[in-house]
Each structure stands twice: as C-alpha cells, then as structure tokens.
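Participant: Sequence:
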Amino acid sequence: MDLKRIQLLFLPFLALGAEDFMSNYEYGQMLYNNPRGISCAKCHGEKGEGKFIGQYYKKDKKLKKIVLQEIHGARINDKTLKQIQDSVSKTHDVMPTYSLTDEETKAIYEYLQKIKNKS
1 MDLKRIQLLF
11 LPFLALGAED
21 FMSNYEYGQM
31 LYNNPRGISC
41 AKCHGEKGEG
51 KFIGQYYKKD
61 KKLKKIVLQE
71 IHGARINDKT
81 LKQIQDSVSK
91 THDVMPTYSL
101 TDEETKAIYE
111 YLQKIKNKS
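Per UniProt numbering, residue 1 is the first one in the sequence shown, and the count goes up by one each step.
Simulated from the structure, these hints should not be mistaken for laboratory data.
If you're wondering where the values come from, they're calculated on a predicted model, not measured in any experiment.
A few of these clues could be false.
To be verified - Mimicking DSS-like on lysine-lysine, the simulated pairs with C-alpha atoms at most 30 Å apart in a straight line are:
1) 79 to 42
2) 61 to 90
3) 116 to 79
4) 64 to 79
5) 64 to 82
6) 51 to 90
7) 114 to 61
8) 106 to 90
9) 116 to 82
10) 61 to 118
11) 106 to 42
12) 47 to 82
13) 51 to 106
14) 106 to 47
15) 116 to 51
16) 106 to 116
17) 59 to 90
18) 58 to 90
Sequences and hints are given; from them, build the entire structure.
Facilitator: Rendered as structure tokens:
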C-alpha cells in the first residue's frame, strides 16, 4: 500500500476525533484537579467553595500579643470568568502563580459552573 492510500484511510478518523479527544468539561476537570502538578481543589475546595488551608501564629502589633491566624483558600465558584482570569494572572501572597492560557482558564471556569450545585 502506498503512502497516499494510507493517508486517505486515516483522514476521516483524524477529522472525526481530533477536536473531541477530550470534552471541555473533562479538560476543565483535569486542569482544576491538577494544573501543572498542583491542584486548585486543595485550596479552593472540591467545587470551588473555598477551603481551610492551615493556621499559624503571628505577632499582633496593636494588641501586643501573639495571635492565631487562619489561611483559607478563596471561594471561586461565584466569580465571573473575567474575575478568575484577572486573579490567575496576578501575584498572590499564598497562591502559586500559574501560566494558564485563556482557554485553560475558561475550561476551569466552565467546569466549576457545572459542578458547583451538584451533590
């Protein structure tokens, strides 16, 4: 069989399956649960509802004593796409910086919108 016939044989399969290899929902789920090796869900919660991360002691200068501080991951399932895109592109004190594309951020946003009210 020559190369042209092989290419013609596989052309329909490429056209049918190339874009639908993974749904946008699955893509968003994968990114939310493991973007670049660190899960958004670990801090923002399974459905983007926010989550307790930890606590530490800090000196309060006004009270002149040591106080216990808590760190919570922000709720993000109530944010607009633009708010999430803006937040991902900024530097935060606690949150690592991710180099997510607009397409990746949109997939995460759409995933959160679909799962936020599921039981």
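Participant: So which of those numbered hints doesn't the model satisfy?
Facilitator: 4, 5, 7, 10
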